[in-house]
Structures are given as C-alpha cells and as structure tokens.
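Order-wise, the sequence lines are chains X and P.
Read in my numbering, the first sequence has 1153 at position 7, and its numbers run on one by one without any break.
Read in my numbering, the second sequence has 67 at position 66, and its numbers run on one by one without any break.
Just so you know, the hints here were simulated from the structure itself, not pulled from any lab data.
None of the values given here were measured: they were computed from a predicted structure.
Glycine residues also receive a C-beta, built at the ideal position from the N, C-alpha and C atoms.
Among the clues, some could well be false.
[Claimed, not checked] Using 20 Å as the maximum straight-line C-alpha spacing, the simulated PhoX-like pairs for lysine-lysine come out as follows:
#1 Lys-1427/X - Lys-1508/X
#2 Lys-1509/X - Lys-1463/X
#3 Lys-13/P - Lys-1509/X
#4 Lys-13/P - Lys-1508/X
#5 Lys-13/P - Lys-73/P
#6 Lys-13/P - Lys-69/P
#7 Lys-1325/X - Lys-1427/X
#8 Lys-13/P - Lys-1510/X
#9 Lys-1460/X - Lys-1427/X
#10 Lys-1177/X - Lys-1325/X
#11 Lys-13/P - Lys-1463/X
#12 Lys-1463/X - Lys-1510/X
[What the hints assert, rightly or not] Cβ pair distances, simulated, as ranges:
#13 Lys-69/P - Gly-1482/X: 26 to 32 Å
#14 Glu-63/P - Gly-1482/X: 32 to 38 Å
#15 Glu-63/P - Ile-1253/X: 42 to 48 Å
#16 Asp-35/P - Ile-1523/X: 20 to 26 Å
#17 Ala-72/P - Thr-1484/X: 46 to 52 Å
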Amino acid sequence: MINLQPYGNPMYFVYLLVGLLPLMIGLYFGKRFVVYQTIISAIFLLLIFGGSKWQQGLALIGYIVYQFIVVGGYAVYKRRANQTWVFVCTVILSIIPLVIVKITPAIQVGRQSLIGFLGISYLTFKSVQMVMEMRDGTIKKFDPIMFARFLLFFPTISSGPIDRYRRFQHDYIQIPDRKHYLQMLDKAVHYIFLGFLYKFILSYLFGTMMLPKIAHIAIMHREAFFHTGISLALVGYMYTYSMYLFFDFAGYSLFAVAASYLMGIETPMNFNQPFKAHNIKDFWNRWHMTLSFWFRDFIFMRLTFFIMKHRLIKNRKRIPQVAYLANFLIMGFWHGVTWYYIVYGLFHAGAIIINDYWLGFKKKHRQLPHNRLTEGIAIFITFNVVCFSFLIFSGFLNTLWFSAR
Amino acid sequence: MGTKQTVVDILKDLTGSDVSGNLDENLFDSGMIDSMATVELLLELQERFGIDVPVSEFDRSEWDTPNKIIAKVESMK
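Make a model of the complete structure from these sequences and hints.
What follows is the structure in structure tokens.
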C-alpha cells in the first residue's frame, strides 16, 4: 500500500483538492456532508499512517483508545465530583504516552518508542486541553464523536496548528455562510501558493541547498577561536538555519490552515511575521503562536494563578519569572530530552525575564526616546537573540563540539 | 461603588494608568496588560465581585477593553 506524507510534494495538493471537492461543494450550498467527510478523512489518515508506516498507525489507534478512556473517564467522574487530586492524576495519565515517547531516545540512544507516531505531541496538547477545560467547567459535555473528529482532524494531525476544542466544534457545526466561505477559499488559495514559495522554494534553498555546505565549512573550522568553533561560517549557519526553520514550518502551517479552510474550519494561524518582533515577548506572540498560546493559557497563566491564589511567592516580581522558567523549561523538554532543547528553553526564559525588567524600566522612565531608530534597534536585537536561540535549538553545536572527530 | 468604577480602579492598580478616559482602548495591543496582569485581574474580580472566572473562560478577544471587562462582570454577577 502507498504511503503519503501530508503536504510532502505538489501532487499531494492535487489529491487533496480532488478528495475535498465534494465536501467543498456541500459547504458552498450550506451543508456539511458528515459521512463523506468522515470517509475522506479516514482515507487521508490511512495514507499518512498506512503502508510502511503501519506500526505508527497501530500506535495511533492505541493512543486514541487510551485517551478516550482517560478523557472520557474524567468526564464521567466530573459529573459527580471535582477533586483536585483526580484532576492532577488525569492530566498526568494523559501526558504519560508522550513522556514515554520523548524519554525513550534519551535512555536508549537513538531508539524510538514503539508507541510513538507522527503528531503524538499535538494530540496530547488537544487531550490535555480537554481535561483542563472540563475541570474549569468551560467544556461541560463530553461528545465522543466530536472529540474523535477534533483529535483526528487530518489537515493538522501531524504538526498542528493546535486548535481549541470549543472553537473547532463551533466551526464544525456552524457552517460559514456563502460569502464568508468564499472568502475562506480565497485565503486558502493564497495560503497554498504562499506555502509553495515558503516550503518548496525558500526552505529548499536555505535548508537543502545552502545549509549542508555551510555546515561542512563550519565543521572544518571547529578548532577556530580557541577550539570553540566560533567562526564566520558558524554565524552563517545560524542565520541560514533560522531562515530554513521559519520558511519550512511557516510553509507547512500555511498548508494546514489552507486545507482546514477548504473544509470550513478556521484553524488559527501559526505565524505572524515573527522577525518583525520588537522584543522577545512580542516574538512569542508571533512565532508558533498556537503552541505559545497553548503554553500561555494552560501552563503560564494556570501556574501564576495557582501561585498567587495560594500566596506561594510573596514577591510579586518573582511570580512571572518562576512561571516563565517553568513554562519554557517544559517547552524545552517537550521538544526533546537533549541538552540543547533544554538550554533553548532556559535561554528563552532568561531572555523574557530580562525583557520584563526592561519593560518595567521603560514604564518608569517615560521620557526615554521612542522613534523609528529605537524601534529598528529593538527589532535588530530581538532578531539576533532569536537566531542565536535557533542555533542552540538546531543541535548543530552538539555536532560541532561533541560528536566524534 | 459601581461596577465601572471598581473595574477602573482595579485596572489603575494593575497598569498604573487611568483608563476612565478611554474605555475602548485595547489593553493587550497597547501592552498595558500581559498574561501576568490578566491573572491578577481575574483574582481581583474574584475578590471584589465574588465572580469565578476560570482561566479557560478567558478569551482575550472578549476581555480586551475596559468596557468589555465591565460588561463581562455585569453579565456574570
């Protein structure tokens, strides 16, 4: 059987368009063909997880059954009681599969866990979100079929963007009126072509053509600058990798959003011109937004809420600092259990804490100049701090410093 | 004290500026409120009005101006 990775090549878009066309005609006439959508979704999922990837397919099925028991079980429990320890245990149970998948390669070098599959972290974000919102009472009813549709929504299953259940459910039930749907189609076409430019041209240029060459030169200079390997080529690697990372992921995200739009679901955007950010805080409002907002809403805000409510930390300034540290450390571990992902998380926590001090200082000294030049400087500094963090993230320093010579 | 005055007072404590002159200003876009200040706002509302606003209830677009906050509080009291 064939295997087809999402948005991997231009042909995929032909299949996508053909497959979705009946659904699109239905939406144009104000109807969602639920049965057809279910069948076509199953086919596209089979293309991702079938063929040579059948083991992942089995892992996915096992995972879905597991989350149904955990999340559904919590929904049943929540009707009768609302104890904190049950909530905490449910969240832990919901995260366990992902934790196992993330830790396995760190313990047994290079080995992938059998229960892993493409997109497990994104499904975990969705499941944990359900548990937390049920705890808060914002999701009152557990609708197993809608939950399955939400988890298995194929345009975003492999790498997001991470949608929210209530938003998704609303879009699924409430079909956009014709004018609005046509606007969505218009945007979808635009996003697909922008995605082509990002993913198949720019990401290819930076990632496939330039990056290996620059990496090679940088490795040849690994003894430079007192054996640190700091060379012009390394600086070049940093910028090239940053461009590659952005265009690759932003391109993919545009495809995923476009495919969702075709299906009448307004999956949120993932990027908003991140390199124009004025500071690190601003950057996280523009970069991988659905992830950073998920972390903001389900980790940062909850943690600060908990700390303040129980007065665990007296000093008001310390609270967000502790929360940032926890937030970004968890994000680092989520990327993978390696020193460079964790350092990447710590680096961003440090950057955003320093940024907060600066914003506080600016608030106190309102006479500080603010003009286009200072804005330009702010963007320049932010861009370079971010690119440096991506150099850490890339793992190239690990290759440069520690891999066998 | 009315809801409006209380909300204005809370926001003054949080942001250090008086918002009563511009009740439709977007508090997030202008950078007056961040996630941390949001949590403080929710806790203050809980304390002063006795309304329970869980974090997941907090959709930024529904709370982004003083007027919207006042309306939300009125609807939840």
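Tell me, in ascending order, the numbers of any earlier hints that this structure violates. 7, 9 and 13
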